[in-house]
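Protein chains: 4
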Amino acid sequence: MGLKTKEEYLESLRQMKPTAYMFGERITNVMDNPRLRAGIEATAATYELASMAEYRDLIVTQSPLINEPVNRFTLPPASVEDLVARVKVNRKLGNWVGTCHQRCTGLDCLSTLAIVTYDIDKKYETSYHNRFTEFLKYVQKNDLTGNAGVTDVKGDRSLAPHAQPDKDMYLRVVERRSDGIVVRGAKAHQTGSLSSHETIVLPTRALRKGDEDYAVAFAIPADTPGLIHVVGRSSLDTRELDGCDVGNVRYSKYCPTLIFNDVFVPMDRVFMCGEVEFAGEMVGRFSAFHRQSHGGCKSGKIDCMVGASLTLMDYNGTSKAGHLKQKVIDMIHRAETLYGCCLAASYEGKKEPSGTYFIDTVLANASKIHEGKELSETIRLMVDTCGGFVADLPSDRDLAHPEIGPLLKKYMKGVDGVAVEDRIKMFRLVEKMAMESADTISDIHGGGSPEAHRVTIFRESDIESKKRAARRLAGIVDGK
Amino acid sequence: MGLKTKEEYLESLRQMKPTAYMFGERITNVMDNPRLRAGIEATAATYELASMAEYRDLIVTQSPLINEPVNRFTLPPASVEDLVARVKVNRKLGNWVGTCHQRCTGLDCLSTLAIVTYDIDKKYETSYHNRFTEFLKYVQKNDLTGNAGVTDVKGDRSLAPHAQPDKDMYLRVVERRSDGIVVRGAKAHQTGSLSSHETIVLPTRALRKGDEDYAVAFAIPADTPGLIHVVGRSSLDTRELDGCDVGNVRYSKYCPTLIFNDVFVPMDRVFMCGEVEFAGEMVGRFSAFHRQSHGGCKSGKIDCMVGASLTLMDYNGTSKAGHLKQKVIDMIHRAETLYGCCLAASYEGKKEPSGTYFIDTVLANASKIHEGKELSETIRLMVDTCGGFVADLPSDRDLAHPEIGPLLKKYMKGVDGVAVEDRIKMFRLVEKMAMESADTISDIHGGGSPEAHRVTIFRESDIESKKRAARRLAGIVDGK
Amino acid sequence: MGLKTKEEYLESLRQMKPTAYMFGERITNVMDNPRLRAGIEATAATYELASMAEYRDLIVTQSPLINEPVNRFTLPPASVEDLVARVKVNRKLGNWVGTCHQRCTGLDCLSTLAIVTYDIDKKYETSYHNRFTEFLKYVQKNDLTGNAGVTDVKGDRSLAPHAQPDKDMYLRVVERRSDGIVVRGAKAHQTGSLSSHETIVLPTRALRKGDEDYAVAFAIPADTPGLIHVVGRSSLDTRELDGCDVGNVRYSKYCPTLIFNDVFVPMDRVFMCGEVEFAGEMVGRFSAFHRQSHGGCKSGKIDCMVGASLTLMDYNGTSKAGHLKQKVIDMIHRAETLYGCCLAASYEGKKEPSGTYFIDTVLANASKIHEGKELSETIRLMVDTCGGFVADLPSDRDLAHPEIGPLLKKYMKGVDGVAVEDRIKMFRLVEKMAMESADTISDIHGGGSPEAHRVTIFRESDIESKKRAARRLAGIVDGK
Amino acid sequence: MGLKTKEEYLESLRQMKPTAYMFGERITNVMDNPRLRAGIEATAATYELASMAEYRDLIVTQSPLINEPVNRFTLPPASVEDLVARVKVNRKLGNWVGTCHQRCTGLDCLSTLAIVTYDIDKKYETSYHNRFTEFLKYVQKNDLTGNAGVTDVKGDRSLAPHAQPDKDMYLRVVERRSDGIVVRGAKAHQTGSLSSHETIVLPTRALRKGDEDYAVAFAIPADTPGLIHVVGRSSLDTRELDGCDVGNVRYSKYCPTLIFNDVFVPMDRVFMCGEVEFAGEMVGRFSAFHRQSHGGCKSGKIDCMVGASLTLMDYNGTSKAGHLKQKVIDMIHRAETLYGCCLAASYEGKKEPSGTYFIDTVLANASKIHEGKELSETIRLMVDTCGGFVADLPSDRDLAHPEIGPLLKKYMKGVDGVAVEDRIKMFRLVEKMAMESADTISDIHGGGSPEAHRVTIFRESDIESKKRAARRLAGIVDGK
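Chains as they are written, first to last, in this note's numbering: chain Y, 8 to 487; chain L, 8 to 487; chain X, 8 to 487; chain P, 8 to 487.
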């Protein structure tokens, strides 16, 4: 028990026997599947950095709950400092892996449950908070990775859960037993579900009377019977399988759809069951935490993109072009905007009744709105600054071909003094960062749709005080 | 001879024996390679529509040169009407194939050569224009597709061609013989080079004294000895090879790097050789024509994206969401902006001394600047409106799996009354339009880099008249 | 009769006796009020250019109606060439006056009525078209300027006209007599109403049953009894009154609110009365024409802004700064976008049943959407490139002051060789173009609100064909 | 001594006898000039709020220097908490006055000098820091307002100060005496110079050898002989003079040009003199602090704009329009972005050797880049949401006119239940916030030009670490 090394993490995953499919085939050895492994390596980096002297202080802290050092990815924030550390850890990791490290969602669930289970108990005298705390201790003691099962598949989006023709389009309780519950449904976009020990489920939207079966939160091991991981396709997915032209030579990302085919959840793992009016709070807290997480890791990813642009400008002989430098500045500016708003959201965080700290949601959502709009622009700027080979670079297999390889190496050369292989590698990394769908689309849809972020900043802003300020300056007399 | 049917076009390609490589292997049967075939099909659509009653009038016109009906893709514009037709034909085709049809670049070369060979002859009493006219007749009579060999690999971009450490980084004449010339170099991003009968080469930049060897234009068959097509990787390239999850079930795009490994060009196919001061005009005309081409086809592609968004909104049950409709309007607006500026550039075209018509370059570049910036935004809007499954939709092979297939079909369902298969197909098409690199990156780099477009509108605008207008209104007295 | 010179135009206005107020005072001599005169001069430019050899061919054409040469501002377009000329005339004039010339709205009304009166007659066998044609002859023969009375004050915008607590919030017929009608209401933003001979009124929105009294169109002289022009304040309005620091030394703009205080309209000037279902067409046609007009004049105004920026960069010693040149290119790009989309809308125009030509509304609105968003950005770029003195330049009176004048002239100096007075004049012009509210706010609200333009392009686009294209490429089988 | 009330502040200003001109006339009674008074009132608000129970804790703190409570506007930040307070105080004040309160620049100078005088002394064993500390005590004890004399008039911007044809285009020392120095030059855009007790001068740019005379910093009373304040024109400046249609009924802004006509500065007020290599640090620190100040006050001003938009939507009957609400969200988002980045810049601040705290410059500049680009967009959105009357609302004098007043009040009415006068007042406030040049142009040029902010974030970012991160992921081997 205690902090896991990277190797221990990998070994612990290897012990699990999840039900997984990919491209129409059952995957029995998740760990050695090169596509999944590249994703697992990204999560493994959260363990690796925790054991590196340079980053240990950033990532490891003392848990007040178990009184032991823990990885911050198992720690619901207990102070403003903890909130701030979330952002800095995520920026470092985004920078380190150049894609999604996939461990933030579990923490965002833990942080949410640490707040909301307390609030439910307060109203209903339930014992969710105790149950959750026991689970949290177990997670901390074993340095586990969790995965957030939040986004339901949703069926007809104009209808409430209970009004769907097929009642299972939002995950729901189909049986209540004395020892637990049975749930059915499916969660989409389960980034890293096979890199996780635990799947933590929250509702995906606010619910109303009639939706009681859908108001459910719980945690189960990722290899629980009935839980089926179907890894979706993404745009460069065969590269890792082929072991060629991967771009990011270390890390990648994958996103399964997770089917809960009548899965049993023991009672001590049930953290909400039927309290519809808390579903909105649950998903709201989670989303806010998760949007804050994005602000960190995506600014770290932009750091890599900036580095790639500047490096290719060096390699191409264009590093003195003023217009390209302007574009790099536009990229940096976007990174710092995400980061700045998220940091501010953290520093302005407040203590909740449960003792867990919660961020300023307006500022966290301000960051996410930028991400949703500006990451694609940042990618465009990167592609612009690097040049057209992002589109159609010949394969490393072509470069290794005895006849055309030497010709390609001759013609792919950039400035003198830079190995043609390095230039090609950097183009390939840019292709990965620009065109890999699993990660780039999370810029838009991760943490809820862009519209959700917008609605949130309006709802959470103090609108009346703004109106009052305007009326005062206009000289409009009113009692308010 | 005369207009080819789609079948005749395919058969004519089958007769060619180009030297082609892909993923480290020699491709001897281009036509039956599913990845290349999907690209060839896109070009084939330019033949197919020409024989459909509905589109014939749009695409087929009488050639004043050979006095026969020809496909507009072999016709340098001889009137404003011809210029306008270019845009409308391209919009229709962009809409029809949902990607690049790959036949515009050849026409852009023909149109350029029709102007510049005349201009060179006028100065030097050379006979390029005659040679070119003979070639053009051959192209028209046989309804051939040409490919533009323009973009050199460029080596160190801060150095002129002749100043490169390796003199071959821009294609150049390495031997001048009485019967022709021998050329060496490589051209990047040769979209559709294997779908073409002829490769037409122009210089890629303005040249100065000292660069004479690089001032060369010519045309050779795509299977000329020494010409090597190395098909580059793009982001979804294995999908067509696997025959699964292709997205666009009919068409695709591929981009080889084309190596000219000491290729002989017979003299009657040489259209410029050494006249450095015309290189700038050559690439300038080509770029302007090509930017106009983009304005047509890319607005047609946006039409498909708009259609996909609206269809998925129907399928998802979100068609009444006001914020999504706003985003679709933003997409339409971008399509019409590209189209409007390009149409205007065409209507405002003027006759050149050779009799060929040339567009208004400021307006054509105004369109391209929008493309370079706004296509990626349009894609982002499409992804936003369609939902997150663009990132990670399970494979059709998973859907066909006896165990998990039925479960996936249950959970992938959208609104009642729409087949789950249709919803999945539409998501897959969106993935293709959003994440396929060969086509999306041409939005940015096709027709020259974004900066080139900007420099052009400044250089071609009447700056002095604008200053004069301001001085007059400010009351500044001056003689001008 | 016939074409008026500038002097004849001014004299003709001097003969009119409109009821006008400004800043709480009755204005009896409109012509000699320096604020109003600066606006009148802008309209006078439309007469002046018509008599200048350089521009006569652009502005004067033969009227098929009266078989005499007329100013294009009295000519409903009878051909594509006429539609295109509208854009080019407006760009020239926008460039010439650097603000709004105020004569387009009358033409937009004439063009609208030329179409819709015909359509109403066709349905109802009314005689509006004849009446209108007689009026049009009169306008053409006397080279009159008309003003568009379109925008009602609207009261509570969530309510239909007839549902307003005060029924007069949209102009309406309050009495029907055998010889004419009596109307009551008020029209806002009546740019140039005192520079016009005639006020032409159209409804401001689509109407339904119950709104019959509001479905009224007519024309009356601007000095008709009961018609009250109340000139609104705009941001630099006292500058012309003071005769100092005016910026644009020749032209300006003013916008009255026009009150129709039970005004009698003789029957031969009534062009619609009660045909509610045509109100939408009326305002729709007008808006489309007017949005096209904006695309011309505003691109001409941007030309002045570009000229001012480049001139001040010369004067400030910053003309070599790459980042400033980039911003100027951004300005030019916006001008050409407005212009390109409007030109295209014109070239793609079609003949209506009445014989008048109508533009492509999607493209015209595409232009206006850019104006509504991008003019303010263009102004920002101008201010950025010119420097901070736009904010707070000392007055010409300070510069003329015996003590501080010489000091100011010393310190306001830019580069050697440019008179300090010229630099100051150019800053003052920039202030006028950036900060004058009457003109800059028309960038946003002129021709209807930004949302109206967006709704229009969606409604007028062929949405079904776009969906069909997507379904075909996705491989979705359907009968359509 | 000690904290001044608003009344004491006003009285203290009344005692001063500055040399002031406006519109060509000498202003002897600054306090009772309504235009200047409106600006002075904005600064007075910084005193007023300090004495209001609700805001005292925000604005008043204990000075470690004089061990008394002081207004934060006299306190160089001595902790992260102080840095954060700067942003929050500024947001509150921006919200409270709806324009520039004009007191931040003095504090930004004090904060800068607190750092740089120490650094100079350390290198040269000068005694600037002591002198400055004495001055600071005096400022704190008397609760004085300072004004930043930073922006030189600059002459030919392509030339260094000493290379200008007229050596006085940057303020310089023209005489060095034993008791002090004599300076000559002019500073532009001296917001609030007549609302201040002290003028604090810093160099405006980095300097090199040869520019020693220009490397000067000092403080002198605003009514020092030879110091001439020439109040510049701004767009609505006559409104306050006329006492009508002012919009913001309480506050305004004015910006003089400040001429130093051979002004004597006693030695104890000289804080730098000749140390050219510190000029860059001086202006860099000041700019960073000032950009942080903007992030606070401008987000507060946006709060007023949001309030005005929402109020007018209520008054116009458009509060349910989804597209308008989206625009308001865009406005809020911009406020929170400025605020978030500035807060983060503050929380991430670090202690300098002198003990004063300094912000994170990358984040502060990230905020300012947004301001420079997005404030004008926010204004555009406000105008869009409020409606066209911002352009041309009739004057209050028209509304008071016996004949047309009642008519205007009838027609200017919005929804039932809202007084027409209130609707008019709110439109007038919007006009003020949108079209007043002194304040809106500071959004662009305040704190240095937009390009300066961009160059800063590039220079201050850790570029090498970003390149390294990319190389590592691309698999490029290097020693770093």
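Please keep in mind that the hints were generated in silico from the structure rather than gathered at the bench. Certain hints may be false.
Identical copies carry no separate label here, and so any pair may be met within one copy or between two of them.
Unchecked claim - With a Cα cut of at most 25 Å, we get these calculated SDA-like pairs of lysine to any residue:
1. K380 - E18
2. K358 - D89
3. K416 - T68
4. K174 - K327
5. K216 - R257
6. K148 - L17
7. K144 - H330
8. K13 - V256
9. K95 - K357
10. K13 - D126
11. K380 - K416
12. K334 - G281
13. K327 - G287
14. K130 - A407
15. K129 - V256
16. K24 - H408
17. K417 - L65
For K380 vs E18, is the C-alpha pair at or below 25 Å within one copy, between two copies, both, or neither?
So K380 and E18 fail the 25 Å test inside a copy (39 Å) and across (46 Å) alike.
First find the shortest C-alpha distance between K417 and L65 inside one copy, then the shortest across copies, and answer within, between, both or neither for a cut-off of 25 Å.
Neither way: K417 and L65 sit 45 Å apart in one copy and 44 Å across, limit 25 Å.
Pop the pair K334 and G281 into one bin, within, between, both or neither, using alpha-carbon distances up to 25 Å.
neither (51 Å within a copy, 36 Å between copies)
Identical-chain pair category, K144 with H330, by Cα at 25 Å
neither (53 Å within a copy, 43 Å between copies)
Up to 25 Å between alpha-carbons, please classify K416 paired with T68: within, between, both or neither.
neither (49 Å within a copy, 45 Å between copies)
Have a look at K13 and V256 and pick one of within, between, both or neither, based on CA distance no larger than 25 Å.
within (18 Å within a copy, 43 Å between copies)
From the Cα coordinates, with 25 Å as the cut-off, is the pair K380 and K416 best called within, between, both, or neither?
neither (38 Å within a copy, 32 Å between copies)
If the cut is 25 Å between Cα atoms, do K148 and L17 qualify within a copy, between copies, both or neither?
within (17 Å within a copy, 65 Å between copies)
Go through the copies and call it for K327 and G287: within, between, both or neither, with a Cα cutoff of 25 Å.
Between copies only: 23 Å across chains, 52 Å inside a chain, cut-off 25 Å.
Using 25 Å as the alpha-carbon threshold, which applies to K216 and R257: within, between, both, or neither?
Answer is neither; intra-copy 48 Å and inter-copy 48 Å both fail.
Using 25 Å as the alpha carbon limit, work out where K129 and V256 are close: within a copy, between copies, both or neither.
neither (50 Å within a copy, 49 Å between copies)
Go through the copies and call it for K13 and D126: within, between, both or neither, with a Cα cutoff of 25 Å.
neither (36 Å within a copy, 47 Å between copies)
Hint compliance for this structure: hints 1, 3, 5, 7, 10, 11, 12, 14, 15 and 17 are not met, and every other hint is.
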